[in-house]
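If you're matching them up, the sequences are chains D and G in order.
Residues in the first sequence are numbered from 41 upward in steps of one, following the working numbering.
Residues in the second sequence are numbered from 78 upward in steps of one, following the working numbering.
Source of the hints: derived by calculation from the structure; they are not laboratory data.
Keep in mind that the hints are not guaranteed to be accurate.
Said to hold, decoys possible - Label-pair distances were calculated between CB atoms; the ranges are: (1) 93/G - 322/D: 27 to 37 angstroms; (2) 112/D - 107/G: 53 to 63 angstroms; (3) 335/D - 93/G: 46 to 56 angstroms; (4) 535/D - 161/G: 38 to 48 angstroms; (5) 87/G - 519/D: 53 to 63 angstroms; (6) 299/D - 97/G: 29 to 39 angstroms; (7) 112/D - 161/G: 36 to 46 angstroms; (8) 196/G - 209/D: 25 to 35 angstroms; (9) 190/G - 121/D: 27 to 37 angstroms; (10) 103/G - 519/D: 23 to 33 angstroms; (11) 300/D - 196/G: 20 to 30 angstroms; (12) 196/G - 121/D: 41 to 51 angstroms; (13) 93/G - 300/D: 58 to 68 angstroms.
Keep in mind that this is a model prediction, so the values were computed, not measured.
Where is the CB? At the ideal position from N, CA and C, for every residue including glycine.
Residue-level listing of the chains:
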Amino acid sequence: MGPTDLRAAIGHAVAAGGTCPMCPPDGGPGRADRVSGRGPAAGEPGRVALVGAPNVGKSTLFHRLTGRYVTVSNYPRTSVEVTHGEGEIGGRPLRVVDTPGLYSLSAVSEEEEVARRLVCGDGVDVLVHVIEARCVRRSLPLTLELLELGRPLVVVLNMMDELGPLGLEVDTARLAERLGVDVVPLVAVSGEGLAGLGAALERALEAGGSDGPASGPTPGASVAGAAPREARPEPADAYGRAVARREAGDRLLADVVRSDGRRRARVADRLGRWLARPFPGIPVLLVVLWLGLYEFVGHFGAGTLVDWIEGTVFLGHVNPFLERLFSGIPWPWARSLWVGDYGLLTLGLRYAIAIILPIVGTFFLFFSVLEDSGYLPRLALLVDRPFKRLGLNGRAVIPIVLGLACDTMATMVTRTLDTKRERILATVLLALAIPCSAQLGVILAILSGRPLALGIWAGVLLASFLLIGVVGNLILPGRSASFHMELPPLRLPRAANVARKTLSRLHWYMLEVIPLFLLASVLLWAGEITGLLGRILGGLEPVVGALGLPARTASVFLLGFFRRDYGAAGLYELQRTGALDTVSLAVAAVTLTLFVPCIAQFLMMWKERGPKLAAAVFAFASLFAFGVGFILNAALRGAGL
Amino acid sequence: MEPGAWGRWSSATRTRWSAALRAAWDRARAWRADPGRPTAAGAAADPFTGLADLRPGGEATVVGLADPSGGDARALAGLGLLPGAEVEVVQRYPAWILRVDRAEIAVDDDLARQVRVRMR
Numbered sequence: 041m042g043p044t045d046l047r048a049a050i051g052h053a054v055a056a057g058g059t060c061p062m063c064p065p066d067g068g069p070g071r072a073d074r075v076s077g078r079g080p081a082a083g084e085p086g087r088v089a090l091v092g093a094p095n096v097g098k099s100t101l102f103h104r105l106t107g108r109y110v111t112v113s114n115y116p117r118t119s120v121e122v123t124h125g126e127g128e129i130g131g132r133p134l135r136v137v138d139t140p141g142l143y144s145l146s147a148v149s150e151e152e153e154v155a156r157r158l159v160c161g162d163g164v165d166v167l168v169h170v171i172e173a174r175c176v177r178r179s180l181p182l183t184l185e186l187l188e189l190g191r192p193l194v195v196v197l198n199m200m201d202e203l204g205p206l207g208l209e210v211d212t213a214r215l216a217e218r219l220g221v222d223v224v225p226l227v228a229v230s231g232e233g234l235a236g237l238g239a240a241l242e243r244a245l246e247a248g249g250s251d252g253p254a255s256g257p258t259p260g261a262s263v264a265g266a267a268p269r270e271a272r273p274e275p276a277d278a279y280g281r282a283v284a285r286r287e288a289g290d291r292l293l294a295d296v297v298r299s300d301g302r303r304r305a306r307v308a309d310r311l312g313r314w315l316a317r318p319f320p321g322i323p324v325l326l327v328v329l330w331l332g333l334y335e336f337v338g339h340f341g342a343g344t345l346v347d348w349i350e351g352t353v354f355l356g357h358v359n360p361f362l363e364r365l366f367s368g369i370p371w372p373w374a375r376s377l378w379v380g381d382y383g384l385l386t387l388g389l390r391y392a393i394a395i396i397l398p399i400v401g402t403f404f405l406f407f408s409v410l411e412d413s414g415y416l417p418r419l420a421l422l423v424d425r426p427f428k429r430l431g432l433n434g435r436a437v438i439p440i441v442l443g444l445a446c447d448t449m450a451t452m453v454t455r456t457l458d459t460k461r462e463r464i465l466a467t468v469l470l471a472l473a474i475p476c477s478a479q480l481g482v483i484l485a486i487l488s489g490r491p492l493a494l495g496i497w498a499g500v501l502l503a504s505f506l507l508i509g510v511v512g513n514l515i516l517p518g519r520s521a522s523f524h525m526e527l528p529p530l531r532l533p534r535a536a537n538v539a540r541k542t543l544s545r546l547h548w549y550m551l552e553v554i555p556l557f558l559l560a561s562v563l564l565w566a567g568e569i570t571g572l573l574g575r576i577l578g579g580l581e582p583v584v585g586a587l588g589l590p591a592r593t594a595s596v597f598l599l600g601f602f603r604r605d606y607g608a609a610g611l612y613e614l615q616r617t618g619a620l621d622t623v624s625l626a627v628a629a630v631t632l633t634l635f636v637p638c639i640a641q642f643l644m645m646w647k648e649r650g651p652k653l654a655a656a657v658f659a660f661a662s663l664f665a666f667g668v669g670f671i672l673n674a675a676l677r678g679a680g681l
Numbered sequence: 078m079e080p081g082a083w084g085r086w087s088s089a090t091r092t093r094w095s096a097a098l099r100a101a102w103d104r105a106r107a108w109r110a111d112p113g114r115p116t117a118a119g120a121a122a123d124p125f126t127g128l129a130d131l132r133p134g135g136e137a138t139v140v141g142l143a144d145p146s147g148g149d150a151r152a153l154a155g156l157g158l159l160p161g162a163e164v165e166v167v168q169r170y171p172a173w174i175l176r177v178d179r180a181e182i183a184v185d186d187d188l189a190r191q192v193r194v195r196m197r
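With the hints as constraints, model all of the structure from the sequences given.
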C-alpha cells in the first residue's frame, strides 16, 4: 500500500481527497509499520507529535507526558535535533515526539522543514497542536492547516492560568464544536488538565483507526468551505494563504474569546519593557554580568568549587590513590600515560572534572536562568543595532553569550542563525574573540591581582571583537538578516526548567567535549615521550621571545590549543613563580585568549562550517594572536611600562 | 594654495555645513511636531500608513504588507502581522516592540517599515 492509498484509507472530510498540499509526492519519511493504516490497537503505544510555535510550552508538556527513555537525536540527513520519549497517559502507553517550533506548514528553515516532515509523515498517529491560550487568534491558522491534513488532531490550550489575570475567557466547548476536534485546556507547568488530554488522545487514537473522519461533527468541513482551496499553491502566495486562513480563523473565533476590555499592566510587563530600553537596560546588563559571571561563575565556580573538588577531592584523595594503584606497573611510559605529568587520570580527568566541569556547570546554570526568565530576548533587542555593524543581528546574542560558557557548544548553536553569512561571521567571532568560561575563570584569577593587566586584556579583547566583526561584515558579501523575535513575558525562572536545561547541557558537554579533552591528553603524552612535543616547543620559543615573553611561555600556547584550561593553568603557574611582570602577563593573557580555538571547538567548526573555514580560521587566529601580542608588547614597553 | 583659496574653501564648506545642519534641524522639528496621526487632508488622501509612522502608544490595525511576496513576508506572518491584527507600538528604539493580539514581539526598522496599517 503506497502512502497515498494509506491516506485515502484513513479518510478525509476535506474535499481535496487526502493529499497534503505541502508534502512531496512520496508523502515524506516515516515508519509505515501499520500496514492497514488503522490506528494502534488498545495497549499498543500511540505515536503522538507535539506541534506548535516556539515558547508555547511544548517542552514542558513533553516532559509531563514522558518519563523514561527520552532521547535527542538528529533527524536523518539534517543537523536538526528532535526529542522523543516514551511515557503513558491514562493507562495508554505513548511515544511522543517534540517537533521544532513551527508557525506554518509552508516551511523554509531547516527546522520547520523537519517539523513539517514529522507532521506529514506516517510515523505519527495523533497530532497535538499546543497553543498559548491567550494567543488563540494568532495560532488558529496553523490549526486550520493541520486540520486540512485530515489526521487525528487534538488542540491543547496551554497556560490557561494566564487568562484570568488578563481578564480573558475562552469558550473551549464552542471552539471544539466549531473545529470538530477536541480542545483541551491545560496548564502544563502544574499538570492541571492532563486527565482531559488523556481522554482526548484516547478518542483521537481510536478515531484514527476507523475509515471515517474523527469523532464529532465533520472536522474541518465548515472550515474547508470557508477557506479557499488551492490544488498546488505557489510559494509566492504564502502570505495570501496565511491571510485567508487568518480570516477563516477569525470567523471561527466569534464569541469564543471574551475579554473584559480592561487594560492591565502587570509588573512583569513593565519590568520587561524597562529592560529593553538602553537605560536602564544596559546598566542592568552590566550588573547581571557582574553578578552572574564575576561572582557566581568566577568566585563561586572557578574559586570555591574548583578549590574544593581539585584540592580536597582529587589532590587529597583520588590522585594519591591512583598513583598507588598504578605504581605496580613496571613500564614508566605506561605509568606516565595514566598517572604521569600529562596523565590521563591525574591531569586529563582531574582538570575535566575538577576545573572545567564546575566552571562550565555554573555558567550553564546562569545561562539557563537567563533563558527561563525571558531576559535573553530583551538582551537581543538591546544589542541588535551594534550587532548589525558586525554583520549579525540581535538573535546572535544567544550563541555569543553561550560562547562565554563553552565556545564549542556556541559554535553548534550558530546553526540557529538565519543566513549562512551570519553563521560564518558568528563562528569566526567565537573562535577568535570570545573566551570560554574555562579560560575566563583562570585568566580572571590570574589577572585579578593586577588591575592594569586586566584592563589591558579586556580592552584589547573588546577591540579585537569589534574589529573582526566590522571587517568581516565589510568583506563578506550580503547584508544582515532582519531581526525579529518573540518577547515572552518576563517571569521568575522555574527551578525544574532551569535544572532540566542545565543538566541537559552538561550531559551534552560530558559526552561531546570531555572525550576530546582526554584524547588531547593522550596526544600530549605521546608527544612528550617521542620528543615531538619538545621539538615543537623549540620552534615556538623564538616566536614567544619576539613578544617579550620568557621561553617557558611557549608551552602555554601549545597546550592552549589542545585544552584551553591547560594553557591557562600553565600561565597561572608561570605567574605564581613570578616569571612574568605586569606587561608580560597582559601580553601573554591577550595572546592566549586570541589564540586558536581549542581542539574541541576546532573539530566542531570543521563539522559545522567545513574544513576550509576551520583551517582558515586556525591560520588567521595564529597570525592574529601573535601579531597583536607583538604590537601590544612593543606599544607597552615603548610607553615605558 | 594661493592666499585667499583657503578662505574661499573654508567659507564654502561652512556654508554647506550650516545648510546641512539647518535642514537636519528642520527635519527634527517636523518629526517632533507630527504626533503620528495623519492630518484630515492626509487621511482622505491615504488612509493607510506604515507602521514606521507610528509613535509609542499608537494603535493601529494591520491591513497588509508593502511586499507580500518578499522574503520577509513569512516571518511577518509568523509573528502574527496579518490583516486584521491589532497592533500597539510599545517602543521604537533600539528596536520596535509591538503588542500584536496580546503578545509582544520585537522587530527591527526594516521589518517595521514593511507593515501597512490603518489607524484606529
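Status of the hints after comparison with the structure:
1. 93/G - 322/D: 27 to 37 angstroms: 36 angstroms, holds
2. 112/D - 107/G: 53 to 63 angstroms: 56 angstroms, holds
3. 335/D - 93/G: 46 to 56 angstroms: 53 angstroms, holds
4. 535/D - 161/G: 38 to 48 angstroms: 40 angstroms, holds
5. 87/G - 519/D: 53 to 63 angstroms: This hint is violated: roughly 38 angstroms between Cβ atoms.
6. 299/D - 97/G: 29 to 39 angstroms: Check failed, 50 angstroms falls outside 29 to 39 angstroms.
7. 112/D - 161/G: 36 to 46 angstroms: 39 angstroms, holds
8. 196/G - 209/D: 25 to 35 angstroms: At roughly 29 angstroms between Cβ atoms, residue 209/D and residue 196/G fall inside 25 to 35 angstroms, so the hint holds.
9. 190/G - 121/D: 27 to 37 angstroms: The hint (27 to 37 angstroms, Cβ to Cβ) holds, given that residue 190/G and residue 121/D are roughly 35 angstroms apart.
10. 103/G - 519/D: 23 to 33 angstroms: Holds - the Cβ-Cβ distance for residue 103/G and residue 519/D, about 31 angstroms, lies within 23 to 33 angstroms.
11. 300/D - 196/G: 20 to 30 angstroms: For residue 196/G against residue 300/D, whose Cβ atoms are near 25 angstroms apart, the range 20 to 30 angstroms holds.
12. 196/G - 121/D: 41 to 51 angstroms: Distance hint for residue 196/G, residue 121/D holds at roughly 44 angstroms.
13. 93/G - 300/D: 58 to 68 angstroms: 59 angstroms, holds
Going down the numbered hints, you'll see the structure goes against 5 and 6, while the others check out.
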